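Visitor: Going line by line, the protein sequences match chains U and Y.
The first sequence begins at 245 in our numbering and counts up by one.
The second sequence begins at 6 in our numbering and counts up by one.
Hints in this document: simulated from the structure, not taken from any laboratory.
There could be a bad hint or two in this list.
Stated by the list, open to error - DSS-like cross-link-like pairs, simulated, lysine-lysine; straight-line CA separation at most 30 Å:
| id | chain 1 | residue 1 | chain 2 | residue 2 |
| --- | --- | --- | --- | --- |
| 1 | U | K287 | U | K313 |
| 2 | U | K414 | U | K351 |
| 3 | Y | K177 | Y | K164 |
| 4 | U | K255 | Y | K132 |
| 5 | U | K255 | Y | K135 |
| 6 | U | K351 | Y | K132 |
| 7 | U | K433 | Y | K37 |
| 8 | Y | K164 | U | K313 |
| 9 | U | K313 | U | K325 |
| 10 | U | K351 | Y | K37 |
| 11 | Y | K37 | U | K414 |
| 12 | U | K312 | U | K287 |
| 13 | Y | K37 | U | K347 |
| 14 | U | K287 | Y | K164 |
| 15 | U | K347 | Y | K321 |
| 16 | U | K325 | U | K255 |
| 17 | U | K325 | U | K347 |
| 18 | U | K433 | U | K351 |
| 19 | U | K433 | U | K347 |
| 20 | U | K287 | Y | K177 |
Said to hold, decoys possible - Derived coverage of chain U by chain Y (criterion: at least 3 residues anywhere in the stretch with Cβ under 8 Å from a Cβ of chain Y; other residues may be distant):
| id | segment |
| --- | --- |
| 21 | 257-265 |
| 22 | 422-432 |
Everything numeric in this text was worked out from a predicted model, so none of it was measured.
From the three backbone atoms N, C-alpha and C, an ideal C-beta is built for every residue, glycine too.
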Amino acid sequence: MKHYKESIGRKVFLLTNNISLILITVICLLPFLHIIAVSFSSKLAATAGEVGIIPVDFTFEAYGFVMKKSAFIVALGVSLKRVILGTSIYMLLTILTAYPLSKEVSKFRARTIYAWIFVFTMLFSGGLIPTYIIMVYTGLIDTIWALVIPTSAIVWNIILLLNFFRNIPKELEEAAFLDGAGHMAVLFKVFIPVSLPALATILLFIIVYHWNSWFDGLIYMNFPRNYPLQTYLQTVIVGFNPTNVSPDDLKRLQNISAKAVKAAQIFLGTLPILAVYPFLQRYFVTGIVLGSVKG
Amino acid sequence: MTLIVLPFLQKDCKIDFCEVIVLDKLKNKSFKSELPLHLMILPCLFFILVYSYGPMFGAVIAFQKFNPGLGFIKSQWVGWRNFEYIINTPGFLQILWNTIYIAFLKIVWGMVIPIVVALMLNETANKLLKRGIQTSLYLPYFLSWVILAGIIIDIFALKGSVNNIIGIFGVKPIFFLGDNRWFRTVLVLTETWKNFGFGTIIYMAAITSISPNLYEAAIVDGAGRWRQTWHITLPGMRTIIILLATLSLGSVLNAGFDQIFNLYSPMVYQTADIIDTFVYRLGIVQAQYGPSTAVGLFKSAVSLILISSSYYMAYKFAEYRIF
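Chain Y with its partners taken away, still in its complex shape (with noise of 0.2 Å):
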């Protein structure tokens, strides 16, 4: 999972009463005055328009034995056919499965790892250190996974330095990449490796906005570090854990495909196998269009809800709202 920037939050506006009846008197001039505004919104709308919402009534592929000569208006309708092809198909449970669990052990470790590095930070007195720390660790982040790729397939090759170092213990080398019963944790370890230094950064600015004479009272009370950490710290950064774990349930269908597409390969579909390089492969190599876009259509759909509904509980729960 990668994590998400989150834009400003939206104070409420307030509108003077006097604008209010200014304005109204200003009703007939105001289309006028209008109009730059909406001449600066033509451009962006326009490509909008035939870039995303174009593909969503093109998602009527869907249900057609699509032709890509014929068109969306020409080919063949065939109904639910696509759906139940896909269903039928072996294994498209497994990718389900696949997708939710991958996606759901990112989460998580996306979560833990950054609030136990922001923790051990917030200990670190010399500040120097921190930043230098934090600067490290989110390097990753900036980097795409073809490059990331590059560098794990390497180090976790037969001979690459992992089985070096394990070698030393004696164990057996692995071959990580090919391996149904290692490659899961490859990916969240990696994943987890490429975001965590973000996640910390946001979690260490939750930190450093609760109060310090929360801290000076529990230590007149004689509260240790410990103490402080649990009653202080961790509840202090309740409001933006629950908001990111809310905010991450609408991404759990997407389990990586960048990463995952650069990394897998047919020995590791079993395990690894994920909706969106299912629908890839359907769609783009097989060239079978209807059944990857039916795929690729209950996706969005499912996501739909999913999102929408983490939207909304992170409205309810934590007074998040995007605009």
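Next comes chain U alone, as it looks inside the complex (with noise of 0.2 Å):
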């Protein structure tokens, strides 16, 4: 943008822009402020509706209750498990379909074939019930396969992988393949390491879809003990499932979080979001805006 001499209209425009801007940003950001100041005061103040954006009576005791609630440290591990276990086979999975479908129909006859079998499961879906009555016969209701297995090929981040390696000048692959490598050595010794900007967005990608998910979680386990957390957090935070509750449940329910252990259980549920936040923003904004520009 060139410096132009700024008349005094142009200096009020810009300062009620900044100052606008900044409302904005401060307003978005409020209900996250109120949620963890909450999470941070006492329990009698919290019910009472006394907090704003500043804890009232600064206590841990809330994150305190948490930790030893049984139900969300098991939810925990359910969920770290399907992380890990979803991501490992999630990224294999990708990876090698990828590539395939990346060679040009000369070097892989069947590729629009199978391009087009897996970019109609884009376009039309069985539904809810269907869905889960295959979920039923294959026996996967109640195991973490349920949470991991759906998810291992998401087609929107197999075509990304597939354009980046597209994009892949041609002589890095004819140069492997005249020293004697095979596919699997090319696709793991020359396109991932070039790859990894895209690698690192589908990874993010995928650990934020798995860490979030919340509805597999309530329909396809029978029992609160093999709810990851996000639907633990529903069950508790947003309202009970009447499908769901078992005896063990209702005991539970009955100690329902004061408000500022829900709170805190909210809280707790974005930590790993923020924890990867500075890396999110490096790799998912360069992977969406190098996408969407070219038009």
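Both chains come to you apart, so use the hints to assemble them.
Guide: Next comes the structure, spelled out in structure tokens:
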């Protein structure tokens, strides 16, 4: 942007503009500040609705309570399990699938057919109940695999990666083939090292996805001990699902968290996202931007 | 509407003439050399066939009086009866209307706000401020609706922050999440709040890709900032705006299940019950598998037409290709 002489009107405009932007940002962040404040406040103050954006009677008691809650810890374990398992399977399958699909038809004749088989699933789906029934018939209900298998093929990201592979200079690939490398070797020794930004993008995507996923846990798990964290949070924070409540749950729910404890659970549920947030910025944004501006 | 990750656009691949001739001669050997590629696709293909195509065939439940014990094959066939049952359900039209109306509102606001904020950010010269604001704005995008619902339920409660604030102005407390007059507004507002930061980044990228020469020429011609924005910035964003608007057409039946499920209650079914929540209640809660699948099938079929059309239009107008 060129510098030019700024009139008073322009200066006023810029000031209002910046102030408005800051105001918008602050308003956007206020709800989070409020919840964090509630989580660090005493139970009494929280329930009475006294807390604004600063904790009242600062205390860690809500967090202490949550940490001792075995249901929370169990659900946390399930979530960690699914993130690790799901991410590994997903990355492996996505890489293995994107590579052949990135080949031109001359080198891989079935390519277009496979591509359409995958893309069609983005256009049409069987629906909630048929998917649920298939899960039942394949015996995945109440297992960790129910949370991990369906997401092992996310076509969107396969396409993202395959387009990235396509843009890798052919010379690199040809040189490797001339050296006698097979497809697997080319994929892992040539393509992967060069594709780190794209891989980082899809890696972060799947980590966030698995951490935030709550609905699959709700419908595929019959016992609360199998719930991932977000599903568990859903049942205590938002409301309980009448089809899943067992007598143990009712007892647990009767000790339903006070506001401060709920707030603490909410905040803990966001921690991993906050932790990877700086990385999300770098990779997500570049990935999105590169993809969208070319039109 | 969640903003979608747009994959890299594909440039036309060029095949060298020499390559073609050489490859022709290798045809006999080519399947052997292709075998590893087939094997690599196999695992993913297997899962897709079972868990994506399997349910597509399972949608036959929509035409059956389904009994999980008997399965797809043996359950009784009832033809279109499930569909008739749905169409005659009172309130089904309302559900359809809610879905489209809420989705439409979300799409519109989900474009307008990010564009406006992107334009505002564009005026900011301070890079640190720009980065800081962008970073803060798109945090809600990465949080789950369970988390956000927890926050929203708290601040929109009868004794929550929002009511406390409007109470200062003498307005009586409103039960936002239980009031049919306010619920949709809360839905659209909070969804926009969640997603607009992300959209802002896309539009900002579009703005920065506009050639500075255009601005310089305009300044020479005596154009002020407003005219520059109207005649250069906005037209420069036109392609991406049209692209995103076209693509969002495909999701006009997705009014946001995650959000609505976590915020709604029977009190607001009238204005906020959407196709997806209806399918959930019918199928999972009431175990009416046939009718639930029928609604789902209807939605999938219409979505197929919408999404395919939107991709086709995006291809025609903005040269957007998926692969």
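Visitor: Against this structure, judge whether each hint is valid.
Guide: Cross-check of the supplied hints:
{"no.": "1", "hint": "U:K287 with U:K313", "verdict": "holds, 16 Å"}
{"no.": "2", "hint": "U:K414 with U:K351", "verdict": "holds, 13 Å"}
{"no.": "3", "hint": "Y:K177 with Y:K164", "verdict": "holds, 11 Å"}
{"no.": "4", "hint": "U:K255 with Y:K132", "verdict": "holds, 17 Å"}
{"no.": "5", "hint": "U:K255 with Y:K135", "verdict": "holds, 18 Å"}
{"no.": "6", "hint": "U:K351 with Y:K132", "verdict": "violated, 47 Å"}
{"no.": "7", "hint": "U:K433 with Y:K37", "verdict": "holds, 21 Å"}
{"no.": "8", "hint": "Y:K164 with U:K313", "verdict": "holds, 27 Å"}
{"no.": "9", "hint": "U:K313 with U:K325", "verdict": "holds, 19 Å"}
{"no.": "10", "hint": "U:K351 with Y:K37", "verdict": "holds, 11 Å"}
{"no.": "11", "hint": "Y:K37 with U:K414", "verdict": "holds, 21 Å"}
{"no.": "12", "hint": "U:K312 with U:K287", "verdict": "holds, 16 Å"}
{"no.": "13", "hint": "Y:K37 with U:K347", "verdict": "holds, 15 Å"}
{"no.": "14", "hint": "U:K287 with Y:K164", "verdict": "holds, 16 Å"}
{"no.": "15", "hint": "U:K347 with Y:K321", "verdict": "holds, 25 Å"}
{"no.": "16", "hint": "U:K325 with U:K255", "verdict": "violated, 55 Å"}
{"no.": "17", "hint": "U:K325 with U:K347", "verdict": "violated, 34 Å"}
{"no.": "18", "hint": "U:K433 with U:K351", "verdict": "holds, 20 Å"}
{"no.": "19", "hint": "U:K433 with U:K347", "verdict": "holds, 17 Å"}
{"no.": "20", "hint": "U:K287 with Y:K177", "verdict": "holds, 26 Å"}
{"no.": "21", "hint": "257-265", "verdict": "holds (count 6)"}
{"no.": "22", "hint": "422-432", "verdict": "holds (count 4)"}
Violated hints for the displayed structure, listed by number in ascending order: 6, 16 and 17.
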